[in-house]
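Just so you know, we're using our numbering here: the sequence shown kicks off at 52 and counts up by one.
These aren't lab readings, by the way, just hints derived from the structure by calculation.
As the structure is a prediction and not an experimental result, all values here were calculated from the model.
A few of these clues could be false.
Stated by the list, open to error - For lysine to aspartate or glutamate, the following EDC-like pairs were computed, each having C-alpha atoms within a straight-line distance of at most 20 Å:
(1) K133 with E303
(2) K349 with E303
(3) K349 with D305
(4) K133 with D305
(5) K485 with D235
(6) K155 with E131
(7) K125 with D366
(8) K110 with D366
(9) K143 with D235
(10) K239 with D309
Said to hold, decoys possible - Quick list of simulated restraints, FRET-style, between CB atoms:
(11) S205 with A268: 32 to 42 Å
(12) R166 with D309: 50 to 60 Å
(13) Q478 with V87: 28 to 38 Å
(14) L88 with I373: 17 to 27 Å
(15) V87 with I488: 27 to 37 Å
(16) E303 with V87: 25 to 35 Å
(17) D247 with L459: 15 to 25 Å
(18) G439 with A323: 18 to 28 Å
(19) E165 with E288: 24 to 34 Å
(20) A268 with A323: 57 to 67 Å
(21) V270 with K187: 47 to 57 Å
(22) R481 with T335: 50 to 60 Å
(23) E197 with I260: 33 to 43 Å
Even glycine gets a Cβ: it sits at the ideal position worked out from N, Cα and C.
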Amino acid sequence: MASPAVAQETGGIETRQESGMSGKKKLFLIAGALVVLLVIVLVNLKRQGGGAVEVTVEKVKRGSITQTVAGTGKVQPEVEVKISAFVAGEIKKIYVREGDLVKKGQILAELDRERYVAALDRAESNLRSAEAQLKKARADYDRIKELFDRNLASRAELESAEANLQLAHSQLEQAQASLREARDSLSKTRLVSPIDGIVTRLNKEEGEIALGSQFQADVIMTVADLSKMEVRAEVDENDVVLVSVGDRARIEVDALPDTVLEGRVTEIAHSATTRGQGTAEEVTNFEVRVAVVSSHPKLRPGMSATVDIETATHDSALYVPIQCVTAREVSDSTLLALAEKQQKKWERERRASRDQSVDEFFEEPAGTAQKTGPKKNVAEVVFVVENGIAKMVPVRTGISSETEVEILSGLSEGQQVVSGPYRVLSQQLRDGMKVKIRTERPEKKPSAKRS
52 MASPAVAQET
62 GGIETRQESG
72 MSGKKKLFLI
82 AGALVVLLVI
92 VLVNLKRQGG
102 GAVEVTVEKV
112 KRGSITQTVA
122 GTGKVQPEVE
132 VKISAFVAGE
142 IKKIYVREGD
152 LVKKGQILAE
162 LDRERYVAAL
172 DRAESNLRSA
182 EAQLKKARAD
192 YDRIKELFDR
202 NLASRAELES
212 AEANLQLAHS
222 QLEQAQASLR
232 EARDSLSKTR
242 LVSPIDGIVT
252 RLNKEEGEIA
262 LGSQFQADVI
272 MTVADLSKME
282 VRAEVDENDV
292 VLVSVGDRAR
302 IEVDALPDTV
312 LEGRVTEIAH
322 SATTRGQGTA
332 EEVTNFEVRV
342 AVVSSHPKLR
352 PGMSATVDIE
362 TATHDSALYV
372 PIQCVTAREV
382 SDSTLLALAE
392 KQQKKWERER
402 RASRDQSVDE
412 FFEEPAGTAQ
422 KTGPKKNVAE
432 VVFVVENGIA
442 KMVPVRTGIS
452 SETEVEILSG
462 LSEGQQVVSG
472 PYRVLSQQLR
482 DGMKVKIRTE
492 RPEKKPSAKR
502 S
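Model the full structure from these sequences, guided by the hints.
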């Protein structure tokens with residue numbers, strides 16, 4: 052049996068052994084944590100520096116590219132006549148209704164004629180009276196002239212007779228003018244169609260009063276030639292300079308889905324229309340008229356339409372997807388002239404932008420200092436992928452379509468250029484970075500149902 056002193060000594064040895072084991076465990080835990088931390092740091096450094104960035108690519112192609120300018124507006128007839136009365140009166144009869152076909156010269160409506168018939172009768176009576184007065188004045192003059200020649204009448208009497216004759220001539224001319232005016236007013240109580248067309252709008256009914264005036268039209272009905280239609284579209288001020296009379300256009304009407312009509316520009320306005328002037332939403336547009344070449348039987352005035360005007364077409368042009376071209380700072384002094392030319396174009400695009408897409412396009416890459424204005428040494432570039440390395444290549448661009456942009460210099464057909472992702476292309480990608488081309492996953496075919 053061990054003495055208490057031996058037992059106490061044995062307990063102390065066990066306590067020291069347990070303390071040593073605990074210290075080793077702490078050392079292992081600390082070492083493991085350091086290893087994990089080191090791995091994390093190395094992974095991050097690899098991602099930031101030496102690791103390959105995953106990108107999508109497209110090939111530089113050669114073909115036809117068409118630049119288009121978009122506009123929205125309404126479908127209207129090329130020829131539309133608003134029928135109004137030149138004389139006032141009650142509408143006695145309307146011979147047509149909306150949708151009726153009419154011919155040139157056809158009577159459309161009649162006004163109350165009684166007052167104008169009476170005015171015509173009065174004018175005819177005044178004319179007969181003036182003719183009688185002239186006949187009498189001429190006879191008096193002839194008689195006084197004969198007496199004067201025989202020295203039986205004074206010169207004063209002759210001059211008085213001559214004045215009366217001239218006055219009678221003047222009164223006759225006034226009576227004739229009044230008769231013509233009365234006949235014209237009476238004829239205008241009948242409203243006739245000036246063109247072949249269709250009654251598209253009827254604003255008044257029988258029994259209403261037509262307020263005839265030459266200075267303020269009181270429209271009774273509208274006649275239009277629906278065989279010739281056009282779109283009166285509004286085009287942004289930055290785009291209208293690209294449009295020319297004769298340009299071809301594609302027309303899409305909201306009420307006619309899946310239908311594309313052919314059009315041609317016939318007129319470009321010389322004065323602008325400004326909306327929201329003095330506000331952040333201020334917009335300046337110009338009206339462009341596009342004639343509908345291939346009409347549609349269901350096309351109606353007032354329908355909303357969108358036009359895509361083809362302003363330029365280049366055949367056998369090099370082009371890439373429009374998202375492949377981005378903005379980067381260039382250090383080569385020979386590229387500064389190119390960058391300055393592009394700067395003016397970018398400023399126009401920034402002002403013309405209706406959203407933040409252009410601002411995002413010009414967003415500073417991550418890690419660079421923010422500046423208040425665009426850089427003077429910024430140029431349009433693409434990233435060409437060669438042997439897993441992204442090479443930044445400044446390019447000169449030409450016209451652009453909705454999806455592609457023409458490359459005038461800097462690239463060759465068949466080269467692979469980075470097309471995305473957007474965040475990588477616009478901010479993260481640098482000249483000389485390693486890249487990995489993302490391969491599209493093949494779509495899974497649906498399995499056949501078992502019977």
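We went through each hint and held it up to the structure:
no., hint, in the structure
1, K133 with E303, "violated, 27 Å"
2, K349 with E303, "holds, 13 Å"
3, K349 with D305, "holds, 12 Å"
4, K133 with D305, "violated, 26 Å"
5, K485 with D235, "violated, 88 Å"
6, K155 with E131, "holds, 13 Å"
7, K125 with D366, "violated, 32 Å"
8, K110 with D366, "holds, 18 Å"
9, K143 with D235, "holds, 19 Å"
10, K239 with D309, "violated, 47 Å"
11, S205 with A268: 32 to 42 Å, "violated, 60 Å"
12, R166 with D309: 50 to 60 Å, "holds, 57 Å"
13, Q478 with V87: 28 to 38 Å, "holds, 30 Å"
14, L88 with I373: 17 to 27 Å, "violated, 44 Å"
15, V87 with I488: 27 to 37 Å, "holds, 32 Å"
16, E303 with V87: 25 to 35 Å, "violated, 60 Å"
17, D247 with L459: 15 to 25 Å, "violated, 51 Å"
18, G439 with A323: 18 to 28 Å, "violated, 52 Å"
19, E165 with E288: 24 to 34 Å, "violated, 56 Å"
20, A268 with A323: 57 to 67 Å, "violated, 26 Å"
21, V270 with K187: 47 to 57 Å, "holds, 50 Å"
22, R481 with T335: 50 to 60 Å, "violated, 40 Å"
23, E197 with I260: 33 to 43 Å, "violated, 59 Å"
Consistency with the previously given hints fails for numbers 1, 4, 5, 7, 10, 11, 14, 16, 17, 18, 19, 20, 22 and 23, ordered from lowest to highest.
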